[in-house]
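Chemist: Here is how the chains run, residue by residue.
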Amino acid sequence: MTTPVKIAAGGVKKGKNSGRKVITANDLFSGETIYWRADGAWTEELVTAVILEGEAALEALQQATADEARAVGPYLMDVEADHMPSGRGRLREEIRDAGPTIHPQFGRQAQRDVH
Amino acid sequence: MYQYDDIDKAMVNDRVAEFRRQVDRRIAGDITEDEFKPLRLMNGLYLQLHAYMLRVAIPYGTLSSDQLRVLASIARDYDKDYGHISTRQNMQFNWPKLIDTPDILARLAEAEMHAIQTSGNCIRNTTTDPFAGAARDEVEDPRVTCEIIRQWSTFHPEFTFLPRKFKIAVSATEEDRAAIAVHDIGLQMRRNESGEPGFKVLVGGGQGRTPYIAEEIRSFLPQAELLSYLEAILRVYNVHGRRDNIYKARIKILVNEMGIDDFRAAVEREFDAFRAMGPAGSIDLPEAERARIAKYFAPPAFERLPEESESFEKAKASDPRFAAWARFNLHPHKVPGYASATISLKPNDAPPGDISSSQMDALADIADQYGFSDIRTTHEQNMVLPHLKLDDLYTVWQALEGAEIGSANAGLISDIIACPGLDYCNLANTRSIPVANRIQRRFSDPGRQAQIGELKIKISGCINACGHHHVGHIGILGVDKKGEEFYQLTLGGRADEDAAIGEVVGRGLSTDEVVNAVERVVEQYLVLRLDPDERFIDTYRRLGAEPFKEALYDQAA
Amino acid sequence: MIKLLNLSDGSLIDAPTDDVLDLAHDQDIMTDAPALDGVAVVRLVFPKFKDGRAFSQARVLRTRYGFKGEIRASGDLLPDQAAYARRVGIDTVEDVNDGRLDDFRFALSAYRFVYQPAEEGTPAHRLRGDVL
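Chains as they are written, first to last, in this note's numbering: chain A, 4 to 118; chain B, 683 to 1239; chain C, 21 to 152.
Keep in mind the hints are simulated off the structure, nothing from the lab. It is possible that some hints are incorrect.
Across the chosen pairs, the derived CB separations fall in these ranges [what the hints assert, rightly or not]:
{"#": "1", "chain 1": "C", "residue 1": "Arg-148", "chain 2": "B", "residue 2": "Asp-1180", "range": "35 to 45 Å"}
{"#": "2", "chain 1": "C", "residue 1": "Thr-142", "chain 2": "A", "residue 2": "Ala-41", "range": "52 to 62 Å"}
{"#": "3", "chain 1": "C", "residue 1": "Leu-32", "chain 2": "B", "residue 2": "Gly-711", "range": "18 to 28 Å"}
{"#": "4", "chain 1": "B", "residue 1": "Asp-819", "chain 2": "C", "residue 2": "Asp-122", "range": "52 to 62 Å"}
{"#": "5", "chain 1": "A", "residue 1": "Asp-70", "chain 2": "C", "residue 2": "Leu-121", "range": "44 to 54 Å"}
{"#": "6", "chain 1": "B", "residue 1": "Glu-878", "chain 2": "C", "residue 2": "Arg-148", "range": "57 to 67 Å"}
{"#": "7", "chain 1": "B", "residue 1": "Ile-781", "chain 2": "C", "residue 2": "Ala-55", "range": "45 to 55 Å"}
{"#": "8", "chain 1": "C", "residue 1": "Lys-68", "chain 2": "B", "residue 2": "Leu-1212", "range": "30 to 40 Å"}
{"#": "9", "chain 1": "B", "residue 1": "Arg-818", "chain 2": "C", "residue 2": "Asp-122", "range": "55 to 65 Å"}
{"#": "10", "chain 1": "A", "residue 1": "Asp-70", "chain 2": "B", "residue 2": "Arg-702", "range": "20 to 30 Å"}
{"#": "11", "chain 1": "B", "residue 1": "Glu-969", "chain 2": "C", "residue 2": "Arg-84", "range": "25 to 35 Å"}
{"#": "12", "chain 1": "C", "residue 1": "Arg-84", "chain 2": "B", "residue 2": "Asn-1030", "range": "34 to 44 Å"}
{"#": "13", "chain 1": "C", "residue 1": "Lys-68", "chain 2": "B", "residue 2": "Val-1209", "range": "52 to 62 Å"}
{"#": "14", "chain 1": "A", "residue 1": "Arg-40", "chain 2": "C", "residue 2": "Thr-142", "range": "32 to 42 Å"}
We put the beta carbon where it would ideally sit given N, CA and C, even for glycine.
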């Protein structure tokens, strides 16, 4: 039995499960954007997320979806080989990772800009 | 303003305890996210792109200075030192943590505030004229009705799991400053031939992907029967509203599919059934309770003052920046010697509607010193000090300037409504706020803004239309094309007593093109207008979209 | 026999499963009167907890048709909706998960007051001294 899984959310209406994917969600407690790692833990560092394709992506998404204790609303986002967001949801995922473009002082971009 | 009694206090305190337990159950895994989500939404808690967002109710846009200070303290202690005024006159915090929200709600409850039903498929915050209780042209203070609706709709057992959200607005003036024609229900206060108070009732207006101007369902509803009539409408909607498709679930679709006559007949049948139950079965509010609530909205102790103020006139003559603020940001008051002032939250290069904690504190102090501690939020994402003496205005403006909330642009081209857009919102396709800021920058010359006069630009980052683009004189809708941001212009929309949905003109414009396009429309208006008193919307009404389209296409080609 | 949660006091009671009139959640009883003669129990259904049509059905049964028998809720009702259900005139809930009994009971006593008149509860304005 395969339950339907979400492979896109929000502004990106119909995702296709083709190409490289990272599982992303929001942290239940803080709301922070988080990503799924190869060891099944969540991370705030996109570059440490696991990149998956095809069936492997869907299987991992099912596991991630079951992890309600930590994550809210997991779905698959498109990435390049270097983890950078790509495809229709690129801008959306860049903002989810970095923070609002109108408030460079807020979100994870604030820490990054310091270095 | 309304003051909670022990019952009202128990209501919000019990709500906090309930929500605290709901959060605990979610964390413990006793309820799923699918079950928790509607529960948190009914407490105003969204999950946005990179954080939760808490929407605090500001019932009918009325706040005391102490309440504003509590909002400032929440921004300071639990958020990032600012709040954001929404188009339902509420305040949003963009960075709270789930685990902090019960404590935030508890702090709100202490100040007689809450976040109840600020989201979810239930009856939302009732909105009204920000100048209520002060406006020279009002029939009576609409906030009494709004408070009655607030209490009636709070935890309504029958209408808390509706097909979709439900928004009510009340106007007490002929000039509609509450956008009642684009609400699920719009109430316009009026008196019948015998002088009895009541309402004209509109139904089925709304924006979103299928915009409708509301239709009149009743030309006169006696004030005493308001709640049974609202229940009749809500019941017909709850039973017949579509639940198969979220995009067709609003009452506007039902009214349109049934036709206003059949819809009216169904409502009248329910209304008759309420009437048939007689006084014992009546769900209407007894007059004594209306009177109890009305007492709280009694006018403050105004002084007897001359119609004109010498010091005010002198200050205007000597300080042109103050004169500009007085020209655009003041609204006539019903009491001689007073005025209402719009506190613009639209400075250049800041998100429209944002206000920092220190600005909130400053505004609260100004309200205490000069404005009977009375503060309003507006659906145009500004704030209002409703009761100011003309004699005090120059001092007030200087204090506002000191807090950087003295922009003289109310109703002008830089006074833009914009939804949060893709900088925050999970539903957005494109950003809105950066577009607003670029337009503000292009028109940053105050002289040019004054020359253009009243012009309402409204920007939405997706078809859900939270930025009210359908009713913008110039509306801008963000659309996504293969991951790139494009913007579609509409012209001629308005949310006033002559409400209209704007007409789509031309193709989607790139981020670079959209500001130029707005400027071409504005330049064309300046050429076409008969005289400086003819507003953009008047010119548009006289000539239609064609000459503006020509201006757009000529130069785009 | 099935177990029912009694919304008036949060107790569990046994009930027979027969002699029940089932109303579908999309049945419009405002327009078409249900045949209630001799009916002791009407069972309403919440296909999903977000579908609130049964709240209106219960209220119409009580006010329009003066139904005095038992109104029973079945389907997907959340504990957090228990007080709403009671207030529109629903008496009992079928098949409550044992693990959620405490949550249902909490919900039934979570609020000390109510604002609006309905089938149960004294509205605030009456407590405020407006004695009829």
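Chemist: Taking the hints in turn, state whether each one holds.
Modeler: Do the hints match the structure? See the list:
no.: 1; hint: C:Arg-148 with B:Asp-1180: 35 to 45 Å; verdict: 41 Å, holds
no.: 2; hint: C:Thr-142 with A:Ala-41: 52 to 62 Å; verdict: 60 Å, holds
no.: 3; hint: C:Leu-32 with B:Gly-711: 18 to 28 Å; verdict: 24 Å, holds
no.: 4; hint: B:Asp-819 with C:Asp-122: 52 to 62 Å; verdict: 55 Å, holds
no.: 5; hint: A:Asp-70 with C:Leu-121: 44 to 54 Å; verdict: 27 Å, violated
no.: 6; hint: B:Glu-878 with C:Arg-148: 57 to 67 Å; verdict: 25 Å, violated
no.: 7; hint: B:Ile-781 with C:Ala-55: 45 to 55 Å; verdict: 52 Å, holds
no.: 8; hint: C:Lys-68 with B:Leu-1212: 30 to 40 Å; verdict: 57 Å, violated
no.: 9; hint: B:Arg-818 with C:Asp-122: 55 to 65 Å; verdict: 57 Å, holds
no.: 10; hint: A:Asp-70 with B:Arg-702: 20 to 30 Å; verdict: 24 Å, holds
no.: 11; hint: B:Glu-969 with C:Arg-84: 25 to 35 Å; verdict: 26 Å, holds
no.: 12; hint: C:Arg-84 with B:Asn-1030: 34 to 44 Å; verdict: 58 Å, violated
no.: 13; hint: C:Lys-68 with B:Val-1209: 52 to 62 Å; verdict: 57 Å, holds
no.: 14; hint: A:Arg-40 with C:Thr-142: 32 to 42 Å; verdict: 56 Å, violated
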